[in-house]
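Asker: The chain contents come next:
There are 2 protein chains.
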Amino acid sequence: MTDDALRPGEVAVPLPAAPDAGVYFIGRIHTPWARRGDCPRAGDAVGGPDCTIVIDPRWLPALTGLDGQADLQVLYWMHQSRRDLAVQAPRHSARVLGTFALRSPVRPNPIASSVVALLAIDGNQLHVRGLDCIDGTPLIDVKPHRRASAP
Amino acid sequence: MTDDALRPGEVAVPLPAAPDAGVYFIGRIHTPWARRGDCPRAGDAVGGPDCTIVIDPRWLPALTGLDGQADLQVLYWMHQSRRDLAVQAPRHSARVLGTFALRSPVRPNPIASSVVALLAIDGNQLHVRGLDCIDGTPLIDVKPHRRASAP
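Residue numbers (numbering that gives the first Met the number 0), protein chains in the order written: chain A, 0 to 150; chain B, 0 to 150.
This is chain A alone, in the form it adopts within the complex (with noise of 0.2 Å):
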């Protein structure tokens, strides 16, 4: 977030001085939508415009088998939030709610979730369904989504 700004209500807390783990980025994710305001709030809705998420060639071998897979669980990790708010005012609601009572993108660790429906492999590049996040996202892991892929 580049607004530093607290809305009434809102808590920072100072953030740890080191993180305790390190994260790489496995890839990109690909949308139509180049700003935060530009995303729609549709969450795990599997509609939408397809959206492309390319795979860093290092982890290519790590595809093998996902084509039999309908739909994916996707983690990414949301680049540009703050992540030292404790309370929050969001706009859709009338009272301030803690980071953990909301899916805020703003949290100490700003990885979001998805379940998105894959529509086909092409090398390096899944093209999929379902997607709300920012163009050039980076990506951190894609698996099975649980309950589909379950017999």
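Hints are computed from structural coordinates only; laboratory data are not their basis.
We put the CB at the ideal spot given by N, CA and C, even for glycine.
Be aware that one or more of the hints could be misleading.
Beyond 12 Å from chain A on every Cβ pair, some chain B residues (computed) [as the list claims (entries may be wrong)]:
no.	residue
1	R6
2	P15
3	P18
4	R35
5	G36
6	D37
7	D121
Simulated coverage check for chain A against chain B, where a stretch passes if three residues somewhere in it have a Cβ under 8 Å from a Cβ of chain B [claimed, not checked]:
no.	segment
8	9 to 19
9	56 to 64
10	134 to 145
Where chain A lies over chain B, by a calculated footprint (3+ residues, C-beta under 8 Å) [unchecked claim]:
no.	segment
11	20 to 34
12	61 to 71
13	74 to 85
14	91 to 97
15	101 to 111
16	135 to 143
Since the structure of chain A is provided, determine the placement of chain B on it from the hints.
Answerer: Frame of chain A, contents of chain B only:
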């Protein structure tokens, strides 16, 4: 993973020299299972024994308003897992599979997502049901489960 031996067909890749982002551990998960081999393979099943999520005091205000939620999505860091396998030979599978075609804890970013039933909140402790990780697992996020919390 303390065992560095690859099974037949498994492929390890060199990890990047440095991580791209840092994760803060925001608490710990306490379960009855001391070792990975003891853990059930239950997945998102909202069953099993009660477990406790202890939130770091720094983030206590972030629980504000969480008590109204029936189901939570919990993200945690599988700190004992190796991160360099791109292709794996799971014991339950007749063939090798790419890491992204599996929900194995062995993956570049060892982040697990579970849906749990929230039983009670007692200060900075969340009593929940539905986890299957080892005792002491680092917590990285708690948020309302989207489907359960939608109107």
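Asker: With reference to the structure, classify each hint as holding or not holding.
Answerer: Quick rundown of the hints versus the structure:
Against the 12 Å criterion, R6 of chain B stays outside the reach of chain A, whose nearest CB is about 15 Å from its own CB. With a cut of 12 Å on Cβ distances, P15 of chain B falls inside the contact zone with chain A, its closest approach being about 5 Å. Separation of P18 of chain B from chain A is inadequate, the least Cβ-Cβ distance of about 3 Å not exceeding the 12 Å criterion. In this structure R35 of chain B is separated from chain A by more than 12 Å, as the shortest Cβ-Cβ distance comes to about 18 Å.
Its beta-carbon lying about 21 Å from the closest one in chain A, G36 of chain B satisfies the requirement of being farther than 12 Å from that chain. The Cβ of D37 of chain B lies farther than 12 Å from every Cβ of chain A, with a closest approach of about 21 Å, so its non-interface assignment holds. The beta carbon of D121 of chain B is kept farther than 12 Å from every beta carbon of chain A, the shortest such distance being approximately 15 Å. Counting residues of the segment 9 to 19 of chain A whose C-beta sits closer than 8 Å to any C-beta of chain B gives 8, which meets the bar of three, so the coverage hint holds.
Figure legend: the segment 56 to 64 of chain A, annotated as covered by chain B; annotation consistent (8 residues with Cβ-Cβ distances under 8 Å, at least 3 required). Counting residues of the segment 134 to 145 of chain A whose C-beta lies closer than 8 Å to any C-beta of chain B gives 7; at least three are required, and the coverage claim holds. Coverage of the segment 20 to 34 of chain B by chain A holds [criterion: at least 3 residues with CB-CB distance below 8 Å; count 6]. Counting residues of the segment 61 to 71 of chain B whose CB falls under 8 Å from any CB of chain A gives 7; the rule of at least 3 is met.
Remark: the segment 74 to 85 of chain B is confirmed as covered by chain A, as 5 of its residues place a Cβ nearer than 8 Å to a Cβ of that chain, reaching the required three. A stretch counts as covered by a chain when three or more of its residues have a beta carbon under 8 Å from one of that chain; for the segment 91 to 97 of chain B and chain A the count is 4, and the coverage holds. Only when three residues or more bring their CB closer than 8 Å to a CB of chain A does the claim for the segment 101 to 111 of chain B stand; here the count is 6, and the claim holds. A stretch counts as covered by a chain when three or more of its residues have a beta carbon under 8 Å from one of that chain; for the segment 135 to 143 of chain B and chain A the count is 6, and the coverage holds.
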